[in-house]
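Novice: These are the residues of each chain, in order.
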Amino acid sequence: MENKKKFVLEQKWIVLIIVILLYGFFSIVSKEFHKTSTMVMMLDSTYYVLLMAIGVTFPLITGGVDLSIGTGMVCYALTGGYLVKFLGFPSWVGMLVAVLFGLIVGIWNGCLVSILGLPPFLATLCSCMITRGLGSMMAHNFAVPWPGVKEPGGWFHRIFKYTIGSGRKASNYPVGVLVLAVVIIIMIFVLNHTRIGRYTIAIGSNKEATRLSGVNVKIYHIAAYTISGLFAGLASVAYAAAVPTIQPGTGAGLELDAIGGAIVGGVSAAGGYGSVEGTLIGVFVIQLLKTGLPFIGLEANWQQIITGLVLIGAVIVDVLKQRKAALAGD
Amino acid sequence: MGEVILEMKDIDKSFPGVHALDHVSLDVRAGEVHALMGENGAGKSTLMKVLTGIYKKDSGSIKYQGKEVEFHNTRDAQAAGIVIVHQELNMVGDLTVAQNIFIGREPRKGLRIDDKKMIEDSKALFDKLHIDINPREKMSHLTVGKQQMCEIAKAISHNAKIIVFDEPSAALTEKEIEDLFVIIRDLRSQGMGIIYISHRMDEIKVITDRVTVMRDGGYVGTLITKDCTKEDIINMMVGRVIYEKPKEHSMVPDDAPVVLKVEHLTAGKMVQDVSFELRKGEILGFSGLMGAGRTETARAIFGADPKQSGDIYVNGQKVEINSPEDAVKHGIGYLSEDRRRFGVVVGKTITENSTMAALDEYMKGPFIDKKKELDITQKYIKELATKTPSADQLVVNLSGGNQQKVVIAKWLVKNSDILIFDEPTRGIDVGAKNEIYKLMNKLAQQGKSIIMISSEMTEIFRMSDRIVIMCEGRKTGELRIEEATQELIMDKATRQMD
Amino acid sequence: MKKKVVSVLLSAAMVASLLAGCGSSGGSTAASSAAPAASEAAPAASEAAPASEAAPASEAAPASEAASTEAVAAGAHAGDEDKLTGTEFEGLTANDAYNFAVVVKSFQSTYWQAAIKGMDMAADELGVTYDAQGPNSESDIADQVNMLNSAITGGPAGIGLAACDTTSVLDSLQDAKDANVPVVCFDTGVADAPDGSVVATVATDNTQAGEVAAEHMYEAVKDVIANAEGQVRIGEVNQDATALNIQQRGLGFINKMIELVKADGKTVAVTGNEFYVNAAEGADGEEASADVIIEVAVPAQTTVELCTTEASTILSKEDCIAIFGSNQTSAEGLLAANSNLNLLGSDAAGGDVIGVGFDAGSVIKGAIADGTMYGAVTQSPLMMGYYMIYALTKAANGDSVTDLPTDGYWYNAENMNDAEIAPNLYD
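Protein chains in written order, with my numbering: chain A, 1 to 330; chain B, 1001 to 1498; chain C, 2001 to 2427.
This is chain A alone, in the form it adopts within the complex (with noise of 0.2 Å):
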């Protein structure tokens, strides 16, 4: 019988075809899409979606889901905004409180669902709505802005995009693809060479099996939700450099962007199989379908149809995938 494993990896790279394929075929079609800023531009927003896919394809993989982090990081960036733009407290707080918050809201979604064993689903449908909320509390309704480039406190933008020169010379060096590298590195190290990794994968898997080896696994199912929270922490910090100003009672949605690329680079919807190389590139498809079809004059609405048909052909998939699987194991 022919490996499964080798057929994940098919997968991602028929995925990155795709990405090549997208982007010459927007390329050709538009010369201003070709542009070195547009591609800055969509990496922009490719950060904070990317930040999220990567923390969302722990609980992905253990056969859940965590639909919080879109409100959550909008909630997050609104509170550690507030911090900074009312109450004049310095930059680093408003990021370290963010990320904390993503934090703990990360161990309450693993205690909801290791703990308590309620549906990931559910429980992480509750999650976004509290944070929805929370967010709007935190920031008292206020729409939020983070210090921007020039201000005082305004570095950390620098983080993901260095500016050189003002005005029309000024040039943009997308330094964040640096920063997402080395945190993409260290999460592959994470999934494939640590426990966190090994269990999490083991836990989608087949959870009783790994229950019954003597692992704890209320503990790492907890940390694949905790993984889940700080990457949306850390997403907001991003996000906030790439928003102007953060608005209170958005973010519903931004998780399907993240979860999608996530899907269509390979995780399996029913866990157990998942990378997250393939993360990054099924991002890239949804971040160039986003960027891409205004770009050769296509109506908005349309892009959300095109990805949603493309996130269909990814789980089917998915779905043959482990047909093909339950067969072999007969």
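If you're looking for bench data, these hints aren't it; they were derived computationally from the structure.
None of the values given here were measured: they were computed from a predicted structure.
A portion of the hints provided could be inaccurate.
[Said to hold, decoys possible] Think about it this way: if two alpha-carbon atoms lie no more than 25 Å apart in a straight line, the pair counts; the simulated DSS-like pairs of lysine-lysine are: (1) A:LYS218 to B:LYS1307; (2) B:LYS1175 to B:LYS1128; (3) A:LYS207 to B:LYS1370; (4) A:LYS31 to C:LYS2317; (5) B:LYS1067 to B:LYS1161; (6) C:LYS2262 to A:LYS169; (7) B:LYS1128 to A:LYS218; (8) B:LYS1261 to B:LYS1205; (9) C:LYS2117 to A:LYS169.
Using the hints, position chains B and C against chain A.
Specialist: Quick look at chains B and C alone, frame taken from chain A:
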């Protein structure tokens, strides 16, 4: 025996990299029980899947009731009267017995499902089979044996002409197997053709008329059962003689230290005040009927299920075991009866499964030491003679016997001293079974202590130094191998039944 | 092998469906789906326009004589000592301690917080109270209708409403009328409201506000257009094509720009979002040959991220000389897009792209102060909230109230700290 109703000729089927069926032939007559034998991986299941349309054959012909047929799915096959009673039960636990039997073809009264007719028809089926099951009972409330009976009833309700039994006895007790044979004989007398797949040599002799043997995807031969011996069949299957005699006396010295002592263990309904001792180097057999509470006892000791009361002593020290994690820390390993669900993570590699319990010892700082992990895995692949191309092989691709070896390796890597084998050879073919037995004996000689839960009487007698018998959640007896007889065990195992 | 084949086929299918999607949307499907929406909305806009024009002429005309050159119309002059002088509310007192319900579009932007501030001021002065609520985002139309319905059931002395979608609230307005609850619309008027349900509308004259933006932008790019060798492009990002105020603002800008360009002897064409293309009046050029192209973009949802993408697509085009964001969200989208492109500035002749915004907020104010954004038009949310409470009180007293249009004011780096302008520029 009547005329031939099914004739499969020169069936050939290849998968990528595997020649699964190499010109295999099989014919079944009306009113015969035809055994299909072979080690796991010999191609029996594949042949049956070709017959019922799950797989498409590459070449060859299938003649059924005189006509050339080709089924596209199991539904087609069922409609024509060919049904399979699977080894793994395909029942919906939350539905009733009657709902399960008629699932997908519920009798209707207008738009409504005619529950009354469904229940009456179920009753009629059960009467025909002389089984006593309430059709209104939820499927999940029945024992595995009874569920199997329902599966048979469901098969018969399709007006079957050919019934394929795929290891029907694997989950059944001796008594239930006898009941099953009564049913099978009854079906045979009604002129049905029965294909009977099993690893149990004794049953083959008792119930079948002819035997077809397969090996490595090829056809070996067909024999008339009454004209051949067990050894003939086994030789055809494996090409070598294997048979181990029952143990005659205990291999454990009387003064061997007690490594595990369980006192007044109570956990739910199925474990009531169970006490016993396990000595170093001992194989302690747990015998009893299905539902006697043996698995539940094992799970309670292992911390997999909560217990209400009772004490556990390991090497004389009282220990608190509230989770499998605690049990593993105290050197206990559990090998579940249901390997695919509870034993191995089938989608992961041999290496990942082997170090699952002991991963803490294979770390280099925060990272897994993959080199060390691979070394230990390969060591046990060699030691246990696990058949696999590499340590990276996914467990799903291994045969049952080799999967069991991976589970054993997991506990050996963890260096567990007390091993609980729950039905260690269920679903494992004869050759591999023997290897597992040898391995267990070797482990015992090395000083490991083993609790072996088994529903196969021959297995209990072959392996045990001492036998604990349970019935309905209570320990009803304890026998040394020297004094044990089948009759004595059955007597204790059914003690509280009447 | 088989698995590989299957996966290759599937991914091919994915790509194929994607391409099919692109093809059809560029052609007939999108056009046919958008057309009915446009034709429905068009009469609404044309009905609304005369109404808002007529109102200042009849009611507020006397007051406007005293007004400065920029801010014309009614007593909506924020800098005045007494905000009520010259309005019908002069000397108004509440007959009772009324409790009003207020339904705003959302709390998303600081714009609405300024409106709340105005409501608080009026409520304090009059000794009345109000409960304000609003959906999470301006696109949550259904949520807002629910809030409106429950407000009506609560039986308040009157309701102040800023409708997210002007057609969705019509049934509820009929209910309010049946329940004898007077409704004052603010920020956004409801043109098709059932007779007698809406007693007054306090709203920015959005058409005028859009025109103000066009006039000032044209001043800055006039020479560039005159000296251009080829085609030039003026962009407009509208957050949606459903809300009446955005429609009026967008069209006010487009139509004024067409008028100004044509007056200087150039041809002009409008492209992009079908609603705005169809509703624009007076464009005489073809897209391929016109001297000036006005390109209108509308995102799928009213979020800054999506406005940013839309703004980027326009700004990235070489021939783009100016761009207008018609509310706070889309104006911030311009700025976010510019943070990558660095094209905006105040020196049009030197090659800067002229960016014009709408409303305020600290991000836009900052960009105007440092010259990135050329200028913006502000409304007076504070005054609208303020007048709305007064109008409700008068209606609750049992007196008749008339519509009160408030103006849009141009502000830029020079005048943004003036006493007349600054109070409107919320953070």
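Novice: For each hint, tell me whether it holds in the structure or not.
Specialist: Hints, verified against the model:
no. : hint                   : in the structure
1   : A:LYS218 to B:LYS1307  : holds (19 Å)
2   : B:LYS1175 to B:LYS1128 : holds (19 Å)
3   : A:LYS207 to B:LYS1370  : holds (22 Å)
4   : A:LYS31 to C:LYS2317   : holds (9 Å)
5   : B:LYS1067 to B:LYS1161 : holds (14 Å)
6   : C:LYS2262 to A:LYS169  : violated (33 Å)
7   : B:LYS1128 to A:LYS218  : violated (49 Å)
8   : B:LYS1261 to B:LYS1205 : violated (41 Å)
9   : C:LYS2117 to A:LYS169  : violated (41 Å)
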